[in-house]
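Chemist: Residues per chain are reported as follows:
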Amino acid sequence: MKYHTPSTFEDASALAASAPGVTRFLAGGTDVLVQLRAEIVTPDDLIDIKHIPGVKEIARTKDGGWRIGVAVSGAELGAHAELVSEWPGVVEGMELVGSTQVQGRATLVGNLCNGSPAADSVPGLVAAGATVTITGPGGTRELAVEEVPAGPGKTSLAKGEVISAVHLPPRGDNAGDAYLRFIPRTEMDIAVVGAAVSLRLDGDTVTEARVALGAVAPTVVLVSDAAAALIGSSLDDAALDALAAAATAACNPIDDKRGTVEFRTEVAGVLVKRAARIAYARAKGEK
Amino acid sequence: MPKDELKSEYKLVGTRPDRPDGLDKVTGRARYGADFSMPGMLFAAVVRSPHAHAKILKIDASKALALEGVKAVVTRADFPDGLTGEDWNLQENTIANDTALYDGHAVAAVAATSALLARDAAKLIEVEYQVLPHVTDVDEAFAPGAPAVRPGSADHSVSSREVDLPDNVRHNVVREIEFGHGDVEAGFAEADLVREGTYKTEATHQGYIEPHACVGQMGADGRGEMWVCTQGQWFIRKFCAAVLGIEASGLRVTASEIGGGFGGKTTIFMEPLALALSRKAGGRPVKLVMTRSEVLRATGPTASASMDVKIGMKKDGTLTAARAVFRMQGGAFPGSPVDLALTCAFASYKLPNVEHIGYDILANRPKCAAYRAPGAPMGAFAVESLIDEMARELGLDPLDVRLKNAVAEGDKSSYGPTYNRIGLVEVLEATKAHPNLSVPLGPNQGRGVATGFWFNHGGETSVSVSVTEDGTATVSIGTPDIGGLRASIALMVAETFGIGYDDVRVNVVETGALGFNEPSHGSRATFASGKAAVTSAQSCIKQMCQRAADKWGIDAEAVEWVDGAAQPAGPNAGKFPPMTMKEIAETMGATGGPISGHNETTMDGVGASFGTHVVDVEVDPETGRTTILRYLVVQDAGKAVHPSYVEGQYQGGAVQGIGWALNEEYVYGKDGRLQNPIFLDYRVPVASDLPMIDTVIVEVPNPGHPYGVRGVGETGITPPLPAVANAIADAVGVRMKHLPMNPPKVLAAIKAKANG
Amino acid sequence: MTKVHVTTTVNGEEVEFLADPRETLLDCLRDKLDMTGAKEGCGTGDCGACSVTVDGTLVCSCLVLGVEAQGKKVETVEGIADGEELHPLQRKFIEHAALQCGICTPGFLVAAKNLLEKNPDPTETEIRYWLAGNLCRCTGYDKIIRAVQDAAAEMRGAA
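Going line by line, the protein sequences match chains A, B and C.
For my numbering, add 54 to where a residue sits in the first sequence, where the first one is 1.
For my numbering, add 5 to where a residue sits in the second sequence, where the first one is 1.
For my numbering, add 1194 to where a residue sits in the third sequence, where the first one is 1.
Worth flagging that the hints you see were computed from the coordinates, not collected in a lab.
This structure is a prediction, so every number in the text was calculated from the model and none was measured.
Please note that a few of the clues may not be correct.
[Unchecked claim] With a Cα cut of at most 27 Å, we get these calculated DSS-like pairs of lysine-lysine:
| id | chain 1 | residue 1 | chain 2 | residue 2 |
| --- | --- | --- | --- | --- |
| 1 | B | 556 | B | 675 |
| 2 | A | 56 | C | 1312 |
| 3 | B | 437 | B | 320 |
| 4 | C | 1266 | A | 104 |
Given the sequences, and given the hints that come with them, work out the whole structure.
Modeler: The following block contains the structure:
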């Protein structure tokens, strides 16, 4: 295995594009090293992107959104008070990934590119309408986060492409987001179900909403029917029931060691309601 | 005071000094299994079967051996033939012969100049398999027509029961057990309420944080050394010698500090591979360290169990009869703890009529090892769940029902012998008096109680105590210190001598330094090594009294030992100032030579320990998740030598039991492969899952130990399984009969109940 | 395999070693620098026994490559005591019997020290969640949590 430390994304992309064997990009390494140790994936070329300037930065963009560097760890995300106050759901999703130790290393982009349908940070990003910049051999392109995963362990990125930044849109007023996941323990598990809700209010009425679910389908899914169930409501019981029904209907999970089809489907409905209540309260400015 | 009356006032026993090995263990200096290195050392890796059951057609190591730096490859061909019985089982489990019997079964091993190179070489060893039908579930292995795990291996000559099973069931049944007393049918006829249930528990792993690790060195002469993390260095010596066909005395085994065992490090798994590789590599030392996934796939978890229990109870809670039929698989070898599960099942209760039937069943899983009170937690889950259900049905307090039937001194136990002094009644009364019992519960919250038992064990024990030349004492024990043993031994020896705690140095020694010792298992280390150390110290005292008597010119009988010094026993013996241990030690070379005492025995006088746990839970009715709100352990220690470490045993046992109850299990896929061989998915409790674990140490002294000690290590894992189940039943009205009670199972039960 | 020359600082001392890029920081600490205080309990970041800090951030050293340590400041359990003077956490772990077998202790000490540097007065819940990535199979965590609470109280009093 060769270890590279390019100083630009263009160089990183070129390295990956020309490498004949298996390549992996290294940011936090909390998935890459596990796969390496277990001999699931032993890359021929490992490209460490942490030496590229700016990868540790969280910056406000001109439009009032955020640009998050690809090597920003969960702990660093959680320590950014302004970001936390604007996008608590996005941050809490990332902060649920692994232990304190893992938080010291793990990144949003790593969690996204691992391609797990259960990735805790991804539903929050999808609900937020986040996008990523991709640097490839032919230049850069922008892609919605929900377009990145292509199935368990797979992404839509082509050979030589590397994500070079994450963008969150401007939060705006009267808005809130939340992410909840279900795990059997209180920490250290992979999500059995994850649910993220982002919404905006006009008075008590929901005017915009995005709902994303994790671990209930081959990829994290954006559920437009679930969002539609919220829009126009004041989060009354009927709306919550419709939300849960839409979420449940969007589930296409598997039975595995972490949960059953029945359980995942049932709990998706439970969690999405709970997450919607939190997002609503946050949009109202309640703690 | 008569001499045989137990003292209750001690200067040191019962205090909480710092453990002697504490400094090394908080600074990172203490050396555990993987921390040893030797000059010229090689590193090993093991090739393991990816199949649950497969014929091994061919092993080709030529590509591995062609790598620069690869020094040796071993297969079963490098081990002797002709072993029988458990020796054969151990050898077969160490390395497969012509058939891989479970996912993870070792097939070959390689030694190379670096750990990475060894791993690379292992990947180049090509093994050709022919996959065979497999079975992993206990009930499926016991079903008619199940695939035979090891055709022809069932040995019904050891069964205590007339075989009444059809042949196509018998082929996976290696042992049948039947015992009991009274007339159970008559007992059921006397009862006001007779209930029965079937209960199932899944296999769990001890989950020690330190993977198995050793450094082995052996020459062509069959002599060698081993450094290894183990609960018992003599067992390592004995089993390695048997598997390798060498003389036990040719192998010297040193136990490293041990990073947890819980029974799982009382036997061998890969240690003979390191020695065989070393011999083949010209005697260079070989280090072999398991990965976590190897630990979970290929060391010894506990059995999985399927259990039928039937109990008769009168309206006032009196038990009239009970029957248990337990089926357990312990992997592809005989040895599931079904016998121990049965003997513990009803041990807490006076039962005039009781029947036990057991089946030890083979399945394509790793060879089970001991796990903290082997078998007892499963049996308790079945029995204590059913007793709780019946008590609730009759409107009786579950603790009162247990108190009404509790065994005491002089009662005949369910498994035969008559109890000597035991403390179950005291434990139950202390439980009833505890403030946790009166904390009010909210919605979806419930309280569960359960009782547990473990025999405890004496075992083969050798200990030596020597009077050090400066008047301190040096103790050599053969039981590794897994949880504060050095402190407990030092306290007892210092108490006996009448010297300071810091004046006693306790060493865990290698196999060349003492006679045979069983491991730190069976809750025996503080009891047995402690009792032998006290006996040895008393022998030293006798010799020191003799030295003083010689100096004073009086009879040794006229000298007594008080507070660390010899003194004349009364005015008639003569008038001499006390002669301290220090004074005697400093001149011992001139007064007859070194003074040592030793004790070698199969230790008698063991005292059983009973415990009762009370747990409060809250169940989320929408997700089925159970949260532990409050937890209480009450257990009889006999005498807590170092109460902090006794509490630690109670707390640790309870939490392992909580893990077993709620989330831990071996999950096998349809392909027979273990699905969760890492800590991510083998879900042991983490700090945020738990509240503080409250403890009450009850002390009903064991008359068989000079300080009243009973073993305390194992009983604590027995009650949590049913206690949590009983609490869940109390909280949300569902009776969980299949562990683990994870959220999908509990939610399914809640929904099934709601749907009628 | 080409090895990479790595220069790094461990517990204040500059050290250098040759690392295969596949070797973790934990491998390098243990096998190349003979610092065996950090333990491998899982190799997957699930047990915390290998906890160290890198430039002040708490990490699992099994999830960091040795080559990534170039130019960093690594702190391990071996660096917690100040000469003969034990850190309050080390003393309290012994006093409270917060270790039975002791294999998880180095990781707990490194993680708890990092917590108290960031939060000198954590609640019981904060301690439990901060340490959720450190597995202990012996103690049931009770005495570990108490030791951390007691050390925190002492350190606040001393400050």
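Chemist: Hints first: check each against the structure and report whether it holds.
Modeler: Status of each hint after checking the structure:
Taken as a hint, the residue 556 of chain B and residue 675 of chain B pair is broken in the structure, with Cα atoms around 79 Å apart against an allowance of 27 Å. Taken as a hint, the residue 56 of chain A and residue 1312 of chain C pair is broken in the structure, with Cα atoms around 37 Å apart against an allowance of 27 Å. At most 27 Å may separate the alpha-carbon atoms for a hinted pair to count; residue 437 of chain B and residue 320 of chain B meet this at roughly 21 Å. Between the alpha carbons of residue 1266 of chain C and residue 104 of chain A the distance comes to roughly 13 Å, so the proposed pair stays at or under 27 Å and holds.
Checked against the numbered hints above, the structure breaks hints 1, 2 and satisfies the rest.
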